[in-house]
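Per my numbering, the very first residue in the sequence shown carries number 15; after that it's consecutive.
No lab work stands behind these hints: they were computed from the structure. Quantities reported herein were computed from a predicted structural model and do not represent experimental measurements. Even glycine gets a Cβ: it sits at the ideal position worked out from N, Cα and C. Any given hint could be a false lead.
[Claimed, not checked] Derived DSS-like pairs (lysine-lysine); straight-line CA-CA distance at most 25 Å:
(1) K147 <-> K133
(2) K124 <-> K64
(3) K64 <-> K84
(4) K124 <-> K147
(5) K133 <-> K84
(6) K133 <-> K121
[As the list claims (entries may be wrong)] If you anchor each label on the Cβ, the simulated ranges turn out as follows:
(7) K124 <-> T72: 32 to 40 Å
(8) A122 <-> L149: 17 to 25 Å
(9) F159 <-> I23: 15 to 23 Å
(10) R155 <-> R39: 35 to 43 Å
(11) L149 <-> T72: 21 to 29 Å
(12) G41 <-> R155: 16 to 24 Å
(13) G73 <-> G129: 29 to 37 Å
(14) D109 <-> L58: 17 to 25 Å
(15) E88 <-> L17: 38 to 46 Å
(16) E151 <-> Y128: 34 to 42 Å
(17) R155 <-> D104: 13 to 21 Å
(18) G68 <-> R125: 30 to 38 Å
(19) G129 <-> R39: 36 to 44 Å
(20) S40 <-> K142: 32 to 40 Å
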Amino acid sequence: GALGLFVQIQVEHDQLVPLAPMLVRSGVRILVDHCGRPTPEAGLDQPGFKALLGLARTGRAFVKLSGYEKFSREPYPYTDVHRYVRALIDAFTLDACVWASDWPFLKASKRVDYGPLLKLVETLLPEKRDRHKLLWETPQRLFCFEEAPSRSLVVPADSAGLIPYSGG
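Starting from the given sequences, assemble the full structure and let the hints guide the process.
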């Protein structure tokens, strides 16, 4: 509604199947975490994942492309879940997909580093414009962040100098 609020849910396997009709009827905006945590070996036609893809048609649903390690059966780069990420991007478009780091990495079995997670974004979305939409534009719209007067900022490179950053 007017406040820009949404319901965020985390489901796995087929848990979304009984919830989807209620969410659709509610009229609220929806944010589904961790790609809906499909079961990789069950394929793209598993009921829970199909229910998630169906939410894309509402125009009120968003999905976080995150938490791959929580449902992948493989170590980084989690190649068994790439087809799910691509299917979500195709169904939702980048106008309704946001990236998330999964911080604070609760119950992580090993140290998690942002570098490989961001490298995976680059692998899945080789076009800079697509990454900008996923990492900047769509989250800005979803979370109702106002546009800053200038998207230029300075990030420290090291103690010797500064590198200008243009927001891309």
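Results for each hint:
1. K147 <-> K133: 16 Å, holds
2. K124 <-> K64: 31 Å, violated
3. K64 <-> K84: Distance of about 19 Å is within 25 Å: holds.
4. K124 <-> K147: 30 Å, violated
5. K133 <-> K84: At roughly 18 Å apart (the allowed maximum being 25 Å), K84 and K133 satisfy the hint.
6. K133 <-> K121: 22 Å, holds
7. K124 <-> T72: 32 to 40 Å: Since the Cβ atoms of K124 and T72 sit about 37 Å apart, the hinted range of 32 to 40 Å holds.
8. A122 <-> L149: 17 to 25 Å: 22 Å, holds
9. F159 <-> I23: 15 to 23 Å: 22 Å, holds
10. R155 <-> R39: 35 to 43 Å: 24 Å, violated
11. L149 <-> T72: 21 to 29 Å: At 24 Å between Cβs, range holds.
12. G41 <-> R155: 16 to 24 Å: Holds: the Cβ-Cβ distance is about 19 Å, inside 16 to 24 Å.
13. G73 <-> G129: 29 to 37 Å: Holds - the Cβ-Cβ distance for G73 and G129, about 34 Å, lies within 29 to 37 Å.
14. D109 <-> L58: 17 to 25 Å: 21 Å, holds
15. E88 <-> L17: 38 to 46 Å: Taking Cβ atoms as reference, E88 and L17 lie about 40 Å apart, which means the hint holds.
16. E151 <-> Y128: 34 to 42 Å: This hint is violated: roughly 20 Å between Cβ atoms.
17. R155 <-> D104: 13 to 21 Å: Given about 20 Å between the Cβ atoms, the range holds.
18. G68 <-> R125: 30 to 38 Å: Holds, at about 37 Å.
19. G129 <-> R39: 36 to 44 Å: Holds: the Cβ-Cβ distance is about 42 Å, inside 36 to 44 Å.
20. S40 <-> K142: 32 to 40 Å: 36 Å, holds
In summary, the structure is inconsistent with hints 2, 4, 10, 16 from the numbered list given earlier, while agreeing with the others.
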